[in-house]
Structure formats: C-alpha cells, structure tokens
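Undergrad: Residue-level listing of the chains:
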Amino acid sequence: MTSLPRKSPRQKLGLVIDLDICVACQACAVNCKEWNTSGHSAPLTDMNPYGKGQNGVWYNRIHSFEAVDVKTGDSQTINFPKSCLHCEDAPCVTVCPTGASYKREEDGIVLVNGDICIGCKLCSWACPYGAREYDETEGVMKKCTLCVDKIYNETLSPSSRVPACVSTCPVGARHFGDLGDPHSEISRLVEARRGFALMPEQGTSPVNRYLPPRPKQHQKPKEQTPRMLEHKDDSTDGAGLLARWVDKVLSA
Amino acid sequence: MHPAKSVIFFTTGSGAGYGMLVWLAILALMGYQPADSAYGLVAFGLAFGLVAGGLVSSTFHLGHPERAWRAMSQWRSSWLSREGVAAIATFVPTGLYALSWIFLNENHTFSAPVGLLGAFLSLATVYCTSMIYGSLKTIPAWHTGWTQVSYLVFALMTGAVLLWFVCVIFALPEAITLARLSLFLLVLGLIVKVMYWRSIDEAPATSTIESATGLGKLGKVSLVEAPHSEDNYLLKEMGFRIARKHANKLRVIALLLGFVVPFALIVLALYGLPQLQTPIAILAVVAGICGIVTERWLFFAEAKHVVTLYYGESRV
Chain A
1 MTSLPRKSPR
11 QKLGLVIDLD
21 ICVACQACAV
31 NCKEWNTSGH
41 SAPLTDMNPY
51 GKGQNGVWYN
61 RIHSFEAVDV
71 KTGDSQTINF
81 PKSCLHCEDA
91 PCVTVCPTGA
101 SYKREEDGIV
111 LVNGDICIGC
121 KLCSWACPYG
131 AREYDETEGV
141 MKKCTLCVDK
151 IYNETLSPSS
161 RVPACVSTCP
171 VGARHFGDLG
181 DPHSEISRLV
191 EARRGFALMP
201 EQGTSPVNRY
211 LPPRPKQHQK
221 PKEQTPRMLE
231 HKDDSTDGAG
241 LLARWVDKVL
251 SA
Chain D
1001 MHPAKSVIFF
1011 TTGSGAGYGM
1021 LVWLAILALM
1031 GYQPADSAYG
1041 LVAFGLAFGL
1051 VAGGLVSSTF
1061 HLGHPERAWR
1071 AMSQWRSSWL
1081 SREGVAAIAT
1091 FVPTGLYALS
1101 WIFLNENHTF
1111 SAPVGLLGAF
1121 LSLATVYCTS
1131 MIYGSLKTIP
1141 AWHTGWTQVS
1151 YLVFALMTGA
1161 VLLWFVCVIF
1171 ALPEAITLAR
1181 LSLFLLVLGL
1191 IVKVMYWRSI
1201 DEAPATSTIE
1211 SATGLGKLGK
1221 VSLVEAPHSE
1231 DNYLLKEMGF
1241 RIARKHANKL
1251 RVIALLLGFV
1261 VPFALIVLAL
1271 YGLPQLQTPI
1281 AILAVVAGIC
1291 GIVTERWLFF
1301 AEAKHVVTLY
1311 YGESRV
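Protein chains in written order, with the numbering used here: chain A, 1 to 252; chain D, 1001 to 1316.
No lab work stands behind these hints, which were simulated from the structure alone. Fair warning: this is a prediction, and the values are worked out from it, not measured in the lab. All residues carry an ideal CB built from backbone N, CA and C; glycine is no exception. It is possible that some hints are incorrect.
[Stated by the list, open to error] Taking lysine-lysine and the DSSO-like style, the derived pairs with C-alpha atoms no more than 27 Å apart in a straight line are:
| hint | chain 1 | residue 1 | chain 2 | residue 2 |
| --- | --- | --- | --- | --- |
| 1 | A | Lys52 | D | Lys1005 |
| 2 | A | Lys52 | D | Lys1220 |
| 3 | A | Lys7 | D | Lys1137 |
| 4 | A | Lys216 | D | Lys1236 |
| 5 | D | Lys1137 | A | Lys52 |
| 6 | A | Lys216 | D | Lys1220 |
| 7 | D | Lys1245 | A | Lys71 |
| 8 | A | Lys71 | D | Lys1005 |
[To be verified] With the Cβ distance kept under 8 Å, some of the chain A side facing chain D (calculated, not the full set):
| hint | residue |
| --- | --- |
| 9 | Ser38 |
| 10 | Ser64 |
| 11 | Thr94 |
| 12 | Phe176 |
| 13 | Glu185 |
| 14 | Arg214 |
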C-alpha cells in the first residue's frame, strides 16, 4: 500500500549531518556502498566500473558547495553529504503505482520492495533530493534503507547498530536517532545547533536535519590578512642588481 | 527531464486515440457520423491501435514490463495507477460502442449511453495521464494547470484531425464538419501552447540552490565539486540539457508543424482545392505528427527538475 501510514510513525528514525565538520573524505559513501551491496536491496550494481563512463548505484553522495558573502567577499566551502531524508510526507511513496514503495509505520523508514517494483522511475521524478536510484541490471529502484538490516541486527554490538555511514564517519559529522522524540539526544542536538531541513518549500517534511556551519571565529581584519601574490608583478623592488638588469633587458 | 521515446509515443499516440474515441461518440450522437461498418472499422481500428500501441509502448521503458499489471493496485494515491485503471476501464464501453457501430450499424440510439460513457472515460484517462506529470511538485514546468489543459486540448485536437483524415479517405460529406472542428481546435491548441510557454517562462523559481542546501544565510551559494566525475543516474534522467540550447527554434518548429501548417492545409482542402483533399490530408497529418512529437519532446526536455540544484543549477 503506497498511501502513507495513517498514523504518524511511532519513531522518526533519521540522520543529522553536521556541515560544520564534514571534510568530504567520502568514507560514508564508501562504507554505505560496502554494507548495502550485500544488504536489504543488494547489490549496488556498478556499470562499466573500470572503463570510461562509470555509472552505478549510490545511496549517499558528497557534494561540495561554496557560499560567498556578497558584501565582504569572504567565502566558505561546505561539504554536503546527501542521502534519503526519509520524508514524513514522502512523494516517492504516494506516486508509486505498484505498492513497492512504502513508509514503515513503526520507524518511518522509506523502503522499496524490489520484488514488485516495475522500474517505472516515477519515484525518482517525485523525489526533490535525488535519493532514488535505478539499477539498470536488475530493472528496479533502490534507495537508502537507513541500514535497516544493521540498526536492528542483534548479532552486532549495540554501538554498531547505527547506519554504516554513521559508524564510519571519522570526524563524527553524522548522527543517528529518533527525531520524533523531542527529548532524544539527536533532537536536542538539532535544537541546540538550529538544524534545518532541505527545501521545506517542496512540502515533503524531511526527517533528516542538517546542522549549519558555525560562524567563523577570530576573523582577522583585512589589513592583517597575508598579502595576495599577483600573478603579474611589474615591480622589481627589493630585487638584486643582476635580477634588475635581466628585468630591464627582458622588458625592452 | 530525459525525453524517453516510449513515453513521447505513449502520450501523443494514446492522446490522439482517445481524442478520436471522444469525437466518434459525440459527433455520432449529434448525427454527424455515418453508422457505416467499413468506416467504423477503420476509424475505431486506428483509435484503438493508437491507444493500445501507446499503452504497450509505455511499458517499454519499465525495468520489469512483465510486472506492469501491478501498476493497477495503487489508485488511491498514484496518478500513474489511476491512469492504468482508467485506460483498462475505457476499453469496455468504447469497445462495446465500436461493436455496435461496426456490426449493428447503430451509433446514436440505444448505444448512446455506452458511447457517452466511453467518451467520458477517454477524457478521464487523458486527464490521469496529464496528472502523472502535473502532480509532480519537483518539476515546476509541469506542476501547473496548463499541463492538464494542454493534454486534454491536444488529445481532442489530434483526434479531430485524424478523424477528419479518415473521413477524407472515405470521401464522406462529414469531412467538412470535422475540418471545421479541427480548425477551431488547432487555434485553441496553439493558444494553449503559447500560454503554457509564457507561464513556464515567467514563473518565479520555486526552489533555489540556497533553499536546496539551506546555506543561503552564508551568502551566494554555488557548486564547487560534484559527487562524481561522470554523469550518474540522476543527471542522465533529470539533468537533460540539450533542449534548452535549441528551445526557441524547436518551439517555432512545433508551432509551425503542429498547428499552423495543418491549419493552412485544412483551409486549403476545404476552400481551395477540394479535389486534392486526400493528398493534402496526408500532408496535414504528417506535419501534425512531426509537430506534436516535437511539442511533446520539448515538454520533457525543457522541464527542469529541482534535483539539478545539487548539480550546479541555481534556480528551478
């Protein structure tokens, strides 16, 4: 049934991604691929992996953006990992004609049943965030499962029962928990750091939150910042006699 | 958006077929269609051929065409599912009406309710098709009322022109009625298309790179590094770019071939050279097909998806 659950899910499991400290090392994307290529929607097929035009299924991708303050000209680079946001009002679920796409009532995770998916790709058109992937070899849609086969896996130690992207992040830029519970650790983190949702105007009510980069500290005034080397330097100030003579000859 | 050939053929072909089914029933009830077996066989054959061909072609882009029947199940939430249900349901009354027309030579008394129901369901199916696109908030160029209006008007327009063509082939006097109806619908279609283009050109951005990243407070945002060195699925499916380069030329081609040329040729067949109306009708249909396929190709290729904001687009 691809209508959304009538009751709001008991839990809203999701990720919180800290844009302040992500270093774009790609470890989360690689470990995601590693875990999920033998997980719930396995495999994460790669097409032509060693030739030109490589293409493949990825649930997690890291973009890098630059934000330039128009007044001061100061710029900041922000590394931006993006995976499924497990929206509360998930359009990928309601457009699905077969019932393959569904949102779980118990924890709000959005999943695809690959056994009945017809591969019409409409869910990928409906998703604003690019969370849907088409597996060309299997002919079905795949997506981030929030490592549903890992977070409930009792053969793993409790500390490992988090999504692969979270357990592997070397800087702790990714957090996992119940965003439906206002008292959970992760909800308090969002509260404290003023976490935000992506494209709220699309009306999808994403569960995942992003933490903004912290303001820059100890910013030096312009006159104290190191001088910029111009690419073309006309001055010979401070150069030795020989250098000045060579400059004179070459400039003639 | 990537303009898949199967989907272009599906939307244009099934649209024209449903348009024919609508006019066959409505004009017959008004007494403008002969209850002739041979004519009925060709007209309904063409209409059902286009509808069924379109539906079959739409399954070609599926990863699992053999599971297509499953798409009937989610009519409560999915317009694609509703479209499938409506398409199958339409075959029942339109099929019965065609049988009555061809085998009983009856098209406007006891078969009238079935004919009307078929016409209504045909329009409902076209509306569902348009809503598959019109309901997607992620593609602002489709998420406008003009999408539904243009799908309905173009179905009626192409259906009328094709039915005129069949009438001309059978040298029926009813060809004059259909020619006039086609002229009216071609003007209406042209107005609708121009209004659609105006509305998408003037629409303010619904999402921006700032809202997509939430980084607008820090300043002007731009992409410095994409996640991959090669195109991924998202860019292949939703990052189609070739159209926008030639958009204006293609728009002129679509308008000329899809609307202006068929209009001029129908006028010529009606008032100028009625003795040459068969070759003129063939030309008009060929031009119309090229025009409407270009129009539909542009409908897909010109539409920007908000996911491109994560790949360098700044506003959609």
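Undergrad: Decide, hint by hint, whether the structure agrees.
TA: A quick look at each hint next to the structure:
1. Lys52/A to Lys1005/D: 25 Å, holds
2. Lys52/A to Lys1220/D: 34 Å, violated
3. Lys7/A to Lys1137/D: 24 Å, holds
4. Lys216/A to Lys1236/D: 38 Å, violated
5. Lys1137/D to Lys52/A: 34 Å, violated
6. Lys216/A to Lys1220/D: At roughly 17 Å apart (the allowed maximum being 27 Å), Lys1220/D and Lys216/A satisfy the hint.
7. Lys1245/D to Lys71/A: Since the Cα atoms of Lys1245/D and Lys71/A sit roughly 33 Å apart, the hinted pair is violated (cutoff 27 Å).
8. Lys71/A to Lys1005/D: Between Lys71/A and Lys1005/D the Cα gap is close to 48 Å, so the pair fails against 27 Å, i.e. violated.
9. Ser38: For Ser38/A, the interface hint is violated, since the closest Cβ of chain D sits about 21 Å away, which is over 8 Å.
10. Ser64: It holds, given that the least Cβ distance between Ser64/A and chain D is near 4 Å, below 8 Å.
11. Thr94: Where the cut-off is 8 Å and the nearest Cβ of chain D is about 4 Å from Thr94/A, the hint holds.
12. Phe176: Nearest chain D Cβ about 20 Å off; hint violated.
13. Glu185: 22 Å, violated
14. Arg214: For Arg214/A, the interface hint is violated, since the closest Cβ of chain D sits about 11 Å away, which is over 8 Å.
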